[in-house]
Every structure is written in structure tokens, then in C-alpha cells.
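Residue numbers (the numbering used here), protein chains in the order written: chain A, 16 to 357; chain B, 16 to 357; chain C, 16 to 357.
Derived by calculation from the structure, the hints in this document are not laboratory data. Keep in mind that a hint or two might mislead.
Claimed, not checked - Straight-line Cα separation of at most 25 Å, SDA-like style, residue types lysine to any residue; simulated pairs: (1) K17(C) / G328(B); (2) K17(B) / V221(A); (3) K335(B) / E310(B); (4) K163(A) / S135(A); (5) K17(A) / G215(C); (6) K17(C) / D348(B); (7) K17(B) / R217(A); (8) K17(B) / R322(A); (9) K17(C) / R357(B); (10) K28(C) / D199(B); (11) K17(A) / K243(C); (12) K128(B) / P180(B); (13) K163(B) / I33(B); (14) K17(B) / R208(A); (15) K243(C) / P180(B); (16) K17(B) / L334(A); (17) K17(A) / D26(C); (18) K128(A) / A99(A); (19) K17(A) / K28(C); (20) K17(A) / E205(C); (21) K243(C) / A179(B); (22) K128(B) / N100(B); (23) K17(B) / R308(A); (24) K163(A) / P20(A); (25) K243(B) / D348(A); (26) K163(A) / R121(A); (27) K134(B) / S154(B); (28) K134(C) / G21(C); (29) K28(A) / E205(C); (30) K243(B) / S327(A); (31) K134(B) / Q147(B); (32) K243(B) / P206(A); (33) K141(B) / L202(A); (34) K243(B) / V90(B); (35) K243(A) / S327(C); (36) K163(A) / A99(A); (37) K17(C) / F200(B); (38) K17(A) / G21(C); (39) K243(C) / E304(B).
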Amino acid sequence: MKTNPGRFFEDYKLGEVISHAVPRTVSGGERALYHALYPARGALYSSDEFARSCGLPQAPLDDLAAFHLVFGKTVPDISLNAVANLGYAEGRWLAPVYPGDTLAARSTVIGLKQNSNGKSGVVWVKTEGVNQRGEVVLSYVRWVMVRKRDLDAEAPMTTIPDLAPAVPASDLVVPEGLDFTGYDFTLAGEPHRWGDYEPGERIDHVDGVTVEEAEHMLATRLWQNTAKVHFDATFRPDGQRLIYGGHVISMARALSFNGLANAQMVVALNGGAHANPCFSGTTVKAWSEVLDRAETAAPGVGALRLRLVATSGGEPFTLKGEGGKYLPHVLLDLDYWVLVPR
Amino acid sequence: MKTNPGRFFEDYKLGEVISHAVPRTVSGGERALYHALYPARGALYSSDEFARSCGLPQAPLDDLAAFHLVFGKTVPDISLNAVANLGYAEGRWLAPVYPGDTLAARSTVIGLKQNSNGKSGVVWVKTEGVNQRGEVVLSYVRWVMVRKRDLDAEAPMTTIPDLAPAVPASDLVVPEGLDFTGYDFTLAGEPHRWGDYEPGERIDHVDGVTVEEAEHMLATRLWQNTAKVHFDATFRPDGQRLIYGGHVISMARALSFNGLANAQMVVALNGGAHANPCFSGTTVKAWSEVLDRAETAAPGVGALRLRLVATSGGEPFTLKGEGGKYLPHVLLDLDYWVLVPR
Amino acid sequence: MKTNPGRFFEDYKLGEVISHAVPRTVSGGERALYHALYPARGALYSSDEFARSCGLPQAPLDDLAAFHLVFGKTVPDISLNAVANLGYAEGRWLAPVYPGDTLAARSTVIGLKQNSNGKSGVVWVKTEGVNQRGEVVLSYVRWVMVRKRDLDAEAPMTTIPDLAPAVPASDLVVPEGLDFTGYDFTLAGEPHRWGDYEPGERIDHVDGVTVEEAEHMLATRLWQNTAKVHFDATFRPDGQRLIYGGHVISMARALSFNGLANAQMVVALNGGAHANPCFSGTTVKAWSEVLDRAETAAPGVGALRLRLVATSGGEPFTLKGEGGKYLPHVLLDLDYWVLVPR
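So here's chain A without its partners, still in its complex pose (with noise of 0.2 Å):
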């Protein structure tokens, strides 16, 4: 067998580290193509003069897109028999990617624990992505339920990762040189600030794209994730191609810019779930929450820590019905933390 049948769960090691194939040198085709195909606004990764003027050399990809390009390395490796993708956290964006530089991405098994029936496991990772100087530019937690090939193949220690249910405010890394005292609030497109921004306080953002085949896939592509699900029309009884959930996210984070156009960089993942699947021909909208605030010691730099939801539609705001359970039209709940201008 020459192709890649993907790990099951008996194939974990705690502490292994797993180095993922395929490094990527974006350009900017990258950054267009995310234009492209999400309605992306933020001014800092739309023009290189706006980037300058706040102090980063030129408009960085979109955090988003090298989330997902280092995600997308993960799959073969963590996910292809994958039964679902429970949760992240500890997620950390550490320095901005730019047209010209490589990432490659590395997973380290963090956590293992076989289900009661037997048959599956849950398999917790830390993911890094690396640029072609070595430097970490980016970190995660993220835990997978796994099938087992070998139902008999013997259960490992149950290992659960002590995870912070949310990146501490002091534990945010300001891209060096980031500057906001000079920002210009016009051509960043609203005049909110950080201090406009209260905890409790939620934002419709108004407005919904309706998604189709074509661009999901296109937007998977180009990630590099292969995952047959999102794909292939064959490969699911009802003959629909599930959306892959970082569509969803950037989908939401792009509609976003509607109320909070100044939360220009994505600096941490709290958390986050894929409440319900996504397919073709669903209108995506979303809402947010303001979960928190904080400082940080870069000029002019403030942190907000946000809740994303974005939605097939329902009532905004909306988020969970009895027992806790999400209701059927919330597909995304997100915890991040974003810098902001005060």
C-alpha cells in the first residue's frame, strides 16, 4: 500500500511529535485569493501603506489564512480518520506571515484517551507552525476523536492535557514594532476604539454570504486540506460535501469587519466548536460578543477578547437551547482574542 491510509488511534504516542509534509511558500496570489473569496476588509491586511503606517514592514496574510494553511499540513496526518473535531485551545498567533516566507508545521501528541466503547479515542495536539527561519509563528491545541483500526489493540495511559480555558491577556504576543498611535480610524473604515467596546456587549454584524461549492473548495485547496469529506460528493450517504469548519470561521471573521472593522489582528484561540455542519447553499451570518479587555504594552495597542458566532440564519444572538445544546442553526462558536486601537 503506497497511499496514506491516516493514523488510528493505536497509532498515537504520548509525546511523539509528528512532522507534517508539504511546506508552503505563500505570495501574493495567497492574499488575493483570500480576498477573493472571503469579504475581508481589515485595512492592515488590505494595503501595504496602512501596514507601514502601523508599523509592521508590509500587509501580513490574514492570520486566518496561516491558521489555515497550518492546519491544512495537519490532516493527513491528525484528522483523516478523524470521527470528529472536538475542540482548540491555547491557540497563539506568535509573529505575522508575509508574502516570500515558508511555513512547515509540526504536531506533538499532548494527550490520548480511549473511549469506553472501545472503538475510538480521543487524541489531543499541540500544532506549530514554523517559517523558514525556524520561528514559531503560530500554536495550538486542538483534540480529534480517532477511529481504532485494531479494536483490540490495547488502550494507552489515559493522558488529559491540563488546557487554560482561555489565553491569559498576558500571554498575547504584539507582532515587534506594532504601533497604533498614528492609525487612521477613516481609511480603517469605523471610528470605534478598544475603550468603545464593553464585555457583555453584542454585535450584529448584519450582513450573510451565501455559500457555494465551488468556493469552499477552492478555499480548502488552497490550504492543502485534502479531506475526502469536503470534497467528494460520493463520500457521504446524502451526497453532500461538508463544509470545511475554517471556511466557516473565516467567513464569520470577514463578516465581522461590519461593527468591528478595527479588530484588525487575530492574536489568540481560546476555544472553539463547530456547533452544527455547514453545506452548500447556506447564508452565513454572524454576531459577536465582547468578552473581555485588556492592555497591552505595545503604543496604542489594546486586546479585546471576542465571541464569534456565525450562524445559518435564526434569531442574533441566539446561541444555545435547553440542556446547553447549540441550536441547530448556530454553526460556529469562537473564542479569540484581537488587537485593537485605543
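Please arrange chains B and C on chain A, whose structure you already have, making use of the hints.
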């Protein structure tokens, strides 16, 4: 309210200058996408070598792509509450846009007229696209009908700008250095020179492209045009997404290569009407009529004034029916100047 | 008539050299789009760093993208009135194409044979892609059946070129500097070396991609291939758009990564048949057969001759039925040479 409700008729003041948000840096990525989205084959825009042989430093971004980028920036301020896009005039391209350039946009309100029903009014703006060196790269007048928020708001003094029916040939700006004396007609694709086109001549461009939802959304997003009606299938009662008029312009212009391969650089937009809406599934075809011819001072460079008509089928060269109304199959009637080797 | 009616059979003269129009400069944009359109993961084409570790200056444009670009240029002169694309032979890639390169194309008529019905004939051309330094980057023979315009036109003398059944291994051109002695199999995605592939071995590539109208049109336009049948849903009586055969080639080649991750550089096209037409909605799958193996003089570099079969389903490894006819689920049968680390 942190989201942008858009401006209503009573929010515009004569003489006001509106700085539009989200400057944009273009790269080879936008150029490649333009070629993927439209059957564009103009040699000057396809090949750096060909552009250099015509005296330019490299292949510019398609002139219409530059127009779309600037237009897109104006949408949140000008046409979010527009009922109709009424017309264009006095459009002039003043300098080519190259990969690496950053475009911003500003609009001056040059006309206002409340409608007799008191519910809406017409707003005329002169929009300028500006590059990172502060050079105006293109300029055009556009007028739209905009709803009033408050029907009791006082009507402004009526001011209707005096607009030229067409940009005079003497006002056309030929890009610095452009020289068609060594123009390679074989590489460009057709032998027809400026002098081969006679005013009154009409050309059926023969080819057709059936448009898809994913394509027009990719294009419209690429220009950061966020009008809901292009993206959200739940927005219109009929569940259809209206295709951005500029997508039809670019499609028709690209189709016109077949017969106008040497109509290289768009230098003026004299006027234009989106005669009927366009939806996914339409097969767009195009025909042209030569309206005028002019010489320029640049070596080997002539100008043609052309009518470009996009249709959803129907007989070529049919345009208007009884009462001067556009026929149902006419999508676009555009009047522009283009530079052609002599 | 200013539009291009295409050439008919009687318009081709033996020995004639046709210079094709519209040279094209490629950038990171084309590279990014190739990754969005196909599940391409060859490390050498994905990462500048990986390419440098193999002795190249940076990651080249995918070899098939270079082929499509050259092929696209020939369409208006060779296949606008073609009834059928009959075959390929003697295809050789002679130098990699890098971002910044400009490609032009020319074809020499090397064979002519009028059909016995007197209504059409077969034209053989040798096409060369040439970069901005005048270097031939690829060369192939293709033959098509073309209609006659004038059934009374005299038949040309029949000349059938003598074509090699396969490019001899000794004629394969290894890119200058290519060195696989330090090849990183982990980063490339699979451990299988040249010596691990045995002639006769067959590999089912397992994955499948369901193709969409928007995708194949984006791809085909990107290569400036303008054949109506790919874009205009009103062109065929059944309202279907025929997918460009090259789209199927690239899709199948990208799918073949799973099992052939180290089959990095395509250096020869021995032959190929588009066995059945492909339409939107088809789920493309692929399998390969190892046909031959050869050594090269370059350090660590071996060559494999492979059959690549694209299907719309059906049993893997089934190809032809009674009478040697391709089975209905076979889309493509391609025979090529590829460079692999030893």
C-alpha cells in the same frame, strides 16, 4: 450601533469630500485572478515583455480591475442604500496601476436633487482613485438614487452638475511612455489597426460565457464590494443574487477581444447603463459599435470611441425597442474610449 | 469580419510555422490559483525552500500549468474548428517556468491527412512554449481532426509524421542543478523512492473530487483557453459545458499525490487520450500504473514512466472493454515520465 447603516439622501452635503475606507495593495495575485475570472487576453495586460515593448515598465493591472477596486471602496458610503445606479460620466484613467501599488478612493458630492415623491433623491459624486504617491489614477462621475431615512428631512437645494456627454478626445490621457510604433500585431492576436475601424462599424464578438454564482461573488469580493444584494440569497424576495454590474462590464470587455484585440487601454468612460439585471445562469455575449476615432500625440497611438453592449442573447446589434427602452436581453450599454495602435 | 473564424483544414500548410498570440507573464498568483484549483501537494512546487534544497532557485510553476498556458495559446489557431482532439506525443519539458517568466507559443505543421469523407482532415502540429530568453521550455506534438470550410478544396499530399511511441529515457531533460541527494522524504509526504516502484505496479489513489462549473471555467480561462464549448452553456444541444481535458489531467495528477508524492517533476508526455467527455458534477478519481523505470545522470534523480488514468468512478484498474474500447467511466489515459528521488 457599531455597524454601518449606510448614508441616506439627507446625509449628503454638496461639496463634501468623503474619504473611503480600506486602501488596497495589488499584486500579481489580483492580475492572475482577473485572468481566471474573465476571458481577458489583451497582450499589454498579459505580458510584461509585451508591455515593455510598448514603453511601459511592466504589464499593468487591467484598467477595469482598477476601476472595480476604486468603485468597491465607495459602496459602503455611496450605494449601500441606493435604489438604483443611474449613470456614469466623465470617467478618465490617468495613470496605470502596477503590482505593488496601493489604491485609496475619495468622492466629492457634486450634485443633489430630491425626487418629487419626497422619499428619495439623486446624488452625484465625483470619485477619484489615488495611489500611494498621491497620484490620481482614475476619476469618474457616478449618480445614484438614494432613499431618505427621514421623509421629513428638508430637501437640499437642487444642483445638477453639468456633465459632458462624452470625454473630449483632447482630454484623453495617454500613459507616459506609451509607444505603439513597434507594436507586434501577431503577438497581440489580430492585424486590425486604428485606421481599420470606421465609425458606424459594428462587431459581433461571437463568444459567450455562462456565468456562475461562485464566479461573480469571487470577483465582487475581490474588489471589496460588499453590497448585500450580490452575496445574500435571502436578501431579494426571489432568492436571486444580483450580479454586480461591473462583472458584466468586465465580461463583455474581455469577450470583445475577439474583433478588438488591439483595443488595448481603456482611457475614458463616457457613459453607461446597466439596462437589465443579470443573474447566475445567464450566457453573456457582447457586440461593439465604433462611435468615433481620434488621434493622440503619442507615437503610433490612436483612440477609438466604442459602444460595448452586453446581452443575455437576442439578435446582435439590437438595443432599444419602442419608446427608446432597452430590450429585455440587453444587460449593458457602455460608451468608452480605448487606445489602439495606428 | 474582424473576429477570428479559426482555421479550417485547407488553411494548414505543411512546414508552416504559426506564432500564437497573447504572451503571458506568470507570478505567484498563477501558482496560488493552481493550488486552489487542484489538490496539488508536490513539495517542490509548493515550497521555495524545498525547491532550493533540491538545487532549484525557487519553486517552479507546476509543469502542467506551463503546459496548459502553452496549449491555451494554440487554441485560436489550431482547435477552434476541431471536431476532435486525437492525441499527444513526444511531449518534453525542457526548462522549469518561474514566477516572472513570460511564455509565448508557436506551432509547426508537421502532418496533414484529409479524411476519406472529404469533409475534414487530421492536422499534426509540433508546439513549442518559449520563455522571454527565447528558451524552449516545453515541446509536444498534438493532432486534431479539423473541418474543411470548402469541401471542394484540394486535398493536401498526405504526410503522417513518424512519432515515437514514447519519449526514450535518454531524451529526458533533467532541469539544470536538480539534485535529489538531500531530498527530505518526510517533508515531501511519503517514504517511497524510485526503487520502490516496480514496472507493472498499480496504485489506486483513493481520493476523489466532484468538479463544479465555476472551477473548470476559472481554470480554463486562467490558461486563456477560449474554446466556446467550455464556457457557453448554449453551445451544445444538451446545454452542458464540456470540461477542458487539461482540467482532468491536472486533477488526476494532483490526486495521484496519494501514493506518488515523490513523483515530482513531469518531464515527458508520451501520449494521452481523453477517453470520455467530463462534465460538471462528475467525481474524478485516479489510478496509476508503473510502465517503466530509468536512471538519469543527475544526482539522486531517477525517472518513472507512468500511466495515469482518470475515471468518473467504476472499478480501479479497469480501462478497456471489448474491442479495446475505453470503458464509459474512463476519462483520461495518460502516459508520462516523471522525476523521482532514488
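Restraint check for K17(A) with G21(C), where alpha carbons must lie at most 25 Å apart: Not OK: K17(A) and G21(C) at ~46 Å, beyond 25 Å, violated.
25 Å Cα cutoff - pair K134(C), G21(C): holds (16 Å)
Straight-line alpha-carbon gap K163(A) to R121(A), limit 25 Å: holds (22 Å)
Pair hint K17(A) and G215(C), alpha-carbon separation not exceeding 25 Å: Between K17(A) and G215(C) the Cα gap is close to 14 Å, so the pair holds against 25 Å.
Agreement of K243(A) and S327(C) with the hint, judged by alpha carbon distance not exceeding 25 Å: At roughly 16 Å apart (the allowed maximum being 25 Å), S327(C) and K243(A) satisfy the hint.
Restraint check for K243(C) with P180(B), where alpha carbons must lie at most 25 Å apart: This hinted pair is violated, its Cα atoms lying about 36 Å apart.
Pair hint outcome, K17(B) versus R322(A) [Cα-Cα no greater than 25 Å]: holds (16 Å)
Pair hint K134(B) and Q147(B), alpha-carbon separation not exceeding 25 Å: Given that 25 Å is the threshold and the Cα spacing comes to 40 Å, the pair is violated.
Proposed proximity, P20(A) with K163(A) (alpha carbon, max 25 Å): holds (12 Å)
Restraint check for K17(B) with L334(A), where alpha carbons must lie at most 25 Å apart: The hint holds at about 21 Å.
K243(B) paired with S327(A) [C-alpha distance capped at 25 Å]: Holds, at about 16 Å.
Given hint V90(B) paired with K243(B) - CA-CA distance at most 25 Å: holds (11 Å)
Going down the numbered hints, you'll see the structure goes against 3, 11, 15, 17, 19, 21, 27, 31, 38, while the others check out.
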